[in-house]
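Using the supplied hints, reconstruct the complex from the two chains, each of which is provided in its own coordinate frame.
Keeping their order, the protein sequence lines are chains A and B. With the working numbering applied, the first sequence has no gaps in its numbers, which climb one by one up to 325 at the end. With the working numbering applied, the second sequence has no gaps in its numbers, which climb one by one up to 94 at the end.
None of these hints come from the bench; they were simulated from the model. Treat the hints loosely; a few may be bogus.
[Claimed, not checked] Stretches of chain B that chain A covers, calculated by requiring three or more beta carbons in the stretch to come under 8 Å of a beta carbon on chain A:
(1) 4-17
(2) 28-37
(3) 52-64
For each residue, glycine too, the CB sits at the ideal point set by N, CA and C.
Okay, here's what each chain looks like letter by letter:
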Amino acid sequence: MYAQMIKSEATQDDPEKLAAFQARIDAGEKIEPKDWMPEGYRKTLIRQIGQHAHSEIVGQLPEGNWITRAPTLERKAILLAKVQDEAGHGLYLYCAAETLGVSRDEITEMLLDGRMKYSSIFNYPTLNWADIGAVGWLVDGAAIMNQVPLQRTSFGPYSRAMIRICKEESFHQRQGYDAIRKMAEGTPEQKKMAQDALNRLWYPSLMMFGPSDKDSVHSAQSMAWKIKMNTNDELRQKFVDQTVPQAEYLGLTIPDPDLKWNEERGHYDYTDPDWSEFFEVIKGNGPCNVDRLAARNKAWDDGAWVRDGLLAHAKKKATRQHAAE
Amino acid sequence: MKNEWPLWEIFIRGQHGMSHRHVGSLHAPDAEMAIKNARDVYTRRNEGVSIWVVEANHISASSPSDKGPLYEPSESKVYRHPTFFDIPEEVGAM
Ligand SMILES: [Fe+2]
Ligand SMILES: [Fe+2]
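Isolated chain B (complex conformation) (with noise of 0.2 Å):
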C-alpha cells in the first residue's frame, strides 16, 4: 500500500434512528472528506439526518472465536427478563 486514503467506518443515524447504526466504509484523506464522501455513498435517498466517521484502525472488536465464553453465560440467567416471573392478574400491570 502506498499512499492510499485510510479506511473509515460510516455510522448512521435515521429520520426516527434512535441511535447511529453502522452502513458501511470508504476511503477518505481526512475526517471532513469522509463526512462529504459518506453522504454521497450512504445518505442518497433521505437514509440519515446525522453521520459519524470512525478511522477503521481506531475500531476494536471482539474475536469471533470468544463467542462462547462471552455470550454463553447469559443464556443461563432467564430471570434477567421480566416474563420469568408470574405475576397474579389481580394485581394488575406491572
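If we strip away everything but chain A, and leave its shape as in the complex, we get (with noise of 0.2 Å):
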C-alpha cells in the first residue's frame, strides 16, 4: 500500500504494562501521543505513517508531470486541485509522526537519503494523459481500499489524519475514472491509449498492497497492535473485485487472461503481479526511483534559503516587537 511491507519492531517492555496497554487496544480506546506506549508500537508508527507521508508527497510528482499539458483548462484546475490535496495529505500525516518524537526534517531527510521508503507506484512513469486518468481511477482507487479501514485505527492522530484524507479521495478516484471514461468513449485512437494505460498500470496498482500474505512476515503484531487492519491479499482481493467491473463499463480489458469470476468463493481469481519486479522496485531499481528522489532532493536543497530567509525574518520581526513593548 502506501505504507508497504512494514516491519514491526520487538518490543522490550514491562509485561504488566504491554498487557494492559494490549487491553486499550483491544477495548477500542483510542492511544494518544503523551501515553504510554511500548517503544515497538512507536517505532513501527514512525516508520509506517513516514512511508505514507512520502508517498502522499512523492506521488505529487507523477501527476504534478501533466499539469501544464491537461487537454483542457478545467482538466488542469482539477488536476492541480488533486496535487494540492496530496500535498495536504502528506502534511496531515507529517504532523501525526511528529506528535511521536520524530522531528520534520529528520523524517524529510530519512526519505532524501533513502533510509525510509514510498510506495512502489511513484516509480512507474505517467507516460500520457490516459495514465493521469489511471493513476486516480487505480492508485487512488487501491489507497482507499486500505485508508478506509485505517480509520479505525489504535493512534489516535494517524486515525484523525486518516478520517480527513477519506473525505477528500473520493474525489480522486472519480475525477480518475472521469478522465479515462472520457477516453475509452472516445476516438479508437483515445480508446487504445486508455486500454494501455490500463495494461501497464493494473499489476503496479495491485502490488501497492504489499507482498502476498504468505511472505509478509510482519503483519501479527502490526494486526494485534492495530496499525495494521486487514492483510495484504484481503484487501489485493477487495480492489480486484471492485475494479472489473468497472473496467467492462469502460469496454477495457483487465490485462490478466486467467481473470475470472469464482462463483464458489464469491470472488475474482486474479494472478498475482512479478514479485520479483516488486522487490527490484523496492530496491531501488524501478523505472523513476532515480528521477523521483533526485527530485526531491532538489527540492529541499532549492528551497533551503527560502526556509532560512523566512525564518530569519520572523525573528528579526520578534526582536524588534519585543525592544518596542
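This is the structure we're talking about:
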C-alpha cells in the first residue's frame, strides 16, 4: 500500500504494562501521543506513517508532470486541486508522525537519503494523459481500499489524519475515472490509449498492497496493535472485485487472461503481480526511482534559502517587537 | 533540529460552528504565514470562516495519567443533570 512491508519492531517492555496497553487497544480505545506505549509500537508507527506521508508527497510528481499539459483548462484546474490535496495529505501525516517524537526535518532527511521508502507505485512513469486518468482511478482507488479501514486505527493522530484524508479521496478516484472514461468513450485511438494505460498500471496497482500474505511476515504484531487492519491479500482481492466491473463498464480489458469470477468463493480469481519486479522496485531499481529521489532532493536543496530566509525574517521581526514593548 | 520552522496548532470555526475547533498542525516561520498555510491546508473545501493559530509550545495539556483524579469526581454527581429530578407532569414544561 502507501506503506508497504513495514517491519514491526520487537518490543522489550514491562509485560504488565504491555498487557494493559493491549487491553486498551482491544477495548477500542485510542492511544494518544502522551500515553504510555511500547517502544516497538512507536517505532513501527513512525516508519509506517512516515512512509505513508512520503508516498503522498512523492506521488505528486507523476501527476504534477501533466498539470501543464492537461487537455482542457477544466481538467487542469481539477488536476491541480487533486495534487494540492496530496500535499495536504502528506502534511497531515507528517504532523501525526511528529507527535511520536520525530522531527519534520529528520523524517524528511530519511526520505531524501533513502533510509525511508515510499510506495512502489510512484516509481512508474506517467507517459500520457490516459495514465493520469488511470492513476486517479486505480492508484487512488487502491489507496482508498487501505485508508478506509485505517480510520479505525488505534493511534489517535493517525486515525484523525486518515479521516480527513478519506473525505478527500473520493474526489480523486472519481476525477480519474471520469477522465479515463472520456477517453474510453472517445475515438478508437483514445480508447487504445486508455487500454494501454490500464495494461501498464494494472499490476503495479496490485503491488501497492504489498507482498502476498504467505511472504508477509510482520503482519501479526501490527494487526494486534491495530495499525494494520487487513491482510495484504484481503485488500488486494477487494480491489480486484471492485475494479473489474468498473473496467467492464468502460469496455476495457484487465490485462490478465486468467481473471475469472469464482462462483464458489464469491470473488474473482486473478494472477498475482510479478513479485520479483516488485522487490526490484523496492530496492531502488524501478523505472523512476532515481528521478523521484533526485526531484525531492532538488526541491529540498533549492528551497533551503527560502526556509532560512523566512525564519531569519520572523526572528528579526520578533526581536524588534520585543524592543519596542 | 537545526533551523526548523516552529509547529503551530490550528483551530478553525466553521460556517455554523459555535467555537473554534482544533483541526491539526503545521510548520510556519511566524503567525502570519501559519494563517496563510492553514488556509491552504485546512480550508480548501469551505471548512471555515475563521482561523486561530497558536504556537504548539505555548499549549499546556492535562496529563493522561491524571484522567482518574480529574474526571472521576464528576461521575458521582448525577444531580448536576436536570434529568435527576422528577417534575410532576401537571407543572408543565420546566
Ligand atoms: Fe492522498
Ligand atoms: Fe489521492
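Results for each hint:
1. 4-17: holds (count 3)
2. 28-37: Per the Cβ count (3), the hint holds.
3. 52-64: Contact hint for the region 52-64 of chain B vs chain A: holds, 3 residues under 8 Å.
The structure agrees with every numbered hint stated previously.
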